[in-house]
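Visitor: If you read the protein sequences in the order shown, they are chains G and Z. Under numbering that gives the first Met the number 0, think of the first position of the first sequence as 0, with each following residue one higher. Under numbering that gives the first Met the number 0, think of the first position of the second sequence as 0, with each following residue one higher.
If you're looking for bench data, these hints aren't it; they were derived computationally from the structure. Careful, some of the hints might be misleading.
Claimed, not checked - With a straight-line cut-off of 30 Å between C-alpha atoms, the simulated DSBU-like cross-links for lysine-lysine are:
(1) G:LYS125 - G:LYS2
(2) Z:LYS221 - G:LYS27
(3) Z:LYS221 - G:LYS120
(4) G:LYS27 - Z:LYS105
(5) G:LYS72 - Z:LYS105
(6) Z:LYS105 - G:LYS2
(7) Z:LYS12 - G:LYS300
(8) Z:LYS221 - G:LYS300
(9) G:LYS3 - Z:LYS105
(10) G:LYS2 - G:LYS27
(11) G:LYS125 - Z:LYS12
(12) Z:LYS105 - Z:LYS12
(13) G:LYS120 - G:LYS300
(14) G:LYS125 - Z:LYS221
(15) G:LYS3 - G:LYS27
(16) G:LYS120 - Z:LYS105
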Amino acid sequence: MFKKWFRQSTGIRNRGINPQGFHVSQLKFYMILIPLSVFMLLPILFIFSTAFKPPDELFAFPPRFFVIRPTLKNFQDLFSKLTTSGIPVSRYLFNSILITIITVISSIVVSSMGAFALSKKNFALKQILFTVNNIALMFVPIAVSIPRFLVIQRMGLLNTFPVHILPVLAMPVGLFLLKQFMDGIPDEIIEAAQIDGASDWYIYLRIILPMIRPALATIAILTFQAAWNNAEISTLYVNDESLRNLAFYLNTLNSQTTGANIVAGQGIAAAAALIMFMPNLIIFIFLQGQVMSTMSHSGLK
Amino acid sequence: MQIRAAFQNWLRKEGSAYAFLSIYAILFIIFIVVPVLAAFFLSFTFFDAIQPPHFVGLSNYITLLTQDDIFMRYVLPNTIQFAIIVGPGGYVLAFLLAWMLAQLPKIPRTIFALILYSPSMTAAVAMTAVWKTLFSGDQTGYLNSFLMSLGFMNEPIQWLQSPDYLMTVMIIVTLWSSMGIGFLAMLAGILEINPELYEAAAIDGMNNRFQEIFYITIPSMKPQMLFGAVMAIVTTFQAGAIGVALSGANPTPQYSGQLIVNHIEDYGFLRYEMGYAAAVSVVLLLMVLFFSQVANRLFGSDV
């Protein structure tokens with residue numbers, strides 16, 4: 000038994016790219032990747048640990064990294080807390096959830112319809128428009144936050160609910176990934192459907208959408224992160240406290256005063272950070288296989 | 000009459016394509032194209048958000064190049080330093096990590112990929128609280144306490160308020176969260192390469208992993224390399240707010256962590272000199288374009 004394992008892990012079979020099993024030549028990679036992963040994980044473990052720390056452990060000196068007696072007190076404090084304007088934290092959380100759900104669904108619809116046109120339809124401007132979108136991959140929203148503000152102001156979107164959603168929907172990388180993935184669907188399938196008399200709408204809904212599920216899952220994740228983690232929109236374009244989201248609230252926790260307050264605030268901030276992080280992680284774990292299969296189509300030529 | 004027939008013909012042939020594209024196109028124009036054009040337009044004006052902008056020619060750019068001491072002495076060198084280390088540095092790191100992961104079987108690979116990717120899922124605002132605690136300036140700070148207990152230093156260091164350390168902390172924090180979708184794309188790209196290429200090279204006498212990387216791996220996945228490069232450039236410049244978030248002040252202590260994005264915010268939202276801020280934005284967009292052109296030269300297919 001040991002002999003078999005030894006042969007398997009020293010022979011030629013499991014070397015190189017995408018091996019089937021363990022091989023001694025992989026040890027050197029583990030030796031680099033394991034310490035690095037620990038380093039990468041530390042700040043995330045720290046959120047977990049701090050979120051469950053009781054007050055005396057938050058104030059402890061010298062500070063301890065790991066929690067000893069975990070408690071849910073920080074979460075209770077977070078939700079019983081009222082902000083200075085009298086808005087409960089649950090309101091920010093509710094806004095975040097609602098904004099994120101609507102944004103993810105609309106983004107899937109809007110981007111996949113656009114990608115369908117760019118991938119499977121023929122029209123004169125097709126190549127030019129795709130190139131424009133590729134250039135926009137380099138777009139850095141933060142660079143034009145001022146003209147964006149002016150545009151949003153002119154359109155009367157300041158202090159409205161849609162301002163959270165509409166700017167996020169213009170996501171060049173989403174359209175790009177969907178289009179690349181759709182290019183992998185053979186044109187013959189669509190031609191066959193057209194001969195059978197299917198309309199474009201039918202082809203889009205019944206043929207394309209079911210075939211690009213992995214790419215849709217990827218767009219869902221990217222949009223989720225863009226919407227859920229977004230504090231800029233609430234900061235720049237919304238004044239009404241009851242319309243702001245959880246990411247914004249966390250931002251206000253960060254900028255709070257110094258002294259003993261900031262230490263007590265650490266536990267609450269970590270609890271909020273954990274609530275921010277967990278949905279991202281859970282969704283990604285469930286959809287990671289689909290994401291990887293989309294990413295193999297991500298080449299930019 | 001003929002025009003109408005031609006229009007109807009066009010509508011029948013191409014109308015549905017434009018219909019499918021229309022919603023995205025409208026949002027794209029409103030939130031990307033118009034703001035970029037507006038930035039170009041405003042950069043040639045004086046605009047304080049109260050009175051309508053009036054045209055001042057190139058004077059904003061001239062001021063930027065000749066009179067903006069802070070821009071030339073701090074912001075530009077800081078931005079270049081930050082961009083070079085986080086951009087190409089993070090990119091090479093992402094490629095090497097992806098390459099190492101590709102040498103492992105599926106289950107450990109997936110676990111490592113998840114761990115390396117998860118920092119990029121965290122929200123910058125959420126992490127600020129964590130960094131502030133870990134890098135806290137007094138002796139109760141985690142890093143200070145740790146280093147002092149090991150005897151590396153006797154005095155606590157003001158990591159986030161000291162001009163000597165702020166930039167280093169910014170770079171580490173940004174690199175930490177930079178293994179994003181560009182990294183996943185490169186990992187997928189490496190795994191997609193036809194294994195027969197490696198076998199053929201081995202038969203031809205290639206016996207060195209570095210030769211393999213340069214002659215097979217990278218050339219076979221140029222499109223993914225380019226996508227990863229563009230993503231690296233965008234995340235680098237998008238991360239510009241980190242210095243202000245960490246130090247809690249704009250401008251950052253002695254401008255040590257002041258990046259071009261903070262300079263825009265400083266002039267645009269704090270001083271309301273929006274014309275001037277727009278000129279700085281244009282410079283930033285041109286920098287992004289320049290870096291992307293370099294990436295395109297390296298990995299593009301149409302060189």
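Visitor: Give a verdict on every hint.
Guide: Results for each hint:
| no. | hint | in the structure |
| --- | --- | --- |
| 1 | G:LYS125 - G:LYS2 | violated (60 Å) |
| 2 | Z:LYS221 - G:LYS27 | holds (26 Å) |
| 3 | Z:LYS221 - G:LYS120 | holds (27 Å) |
| 4 | G:LYS27 - Z:LYS105 | holds (17 Å) |
| 5 | G:LYS72 - Z:LYS105 | violated (40 Å) |
| 6 | Z:LYS105 - G:LYS2 | holds (23 Å) |
| 7 | Z:LYS12 - G:LYS300 | holds (28 Å) |
| 8 | Z:LYS221 - G:LYS300 | holds (8 Å) |
| 9 | G:LYS3 - Z:LYS105 | holds (21 Å) |
| 10 | G:LYS2 - G:LYS27 | holds (22 Å) |
| 11 | G:LYS125 - Z:LYS12 | holds (13 Å) |
| 12 | Z:LYS105 - Z:LYS12 | violated (47 Å) |
| 13 | G:LYS120 - G:LYS300 | holds (20 Å) |
| 14 | G:LYS125 - Z:LYS221 | holds (24 Å) |
| 15 | G:LYS3 - G:LYS27 | holds (22 Å) |
| 16 | G:LYS120 - Z:LYS105 | violated (37 Å) |
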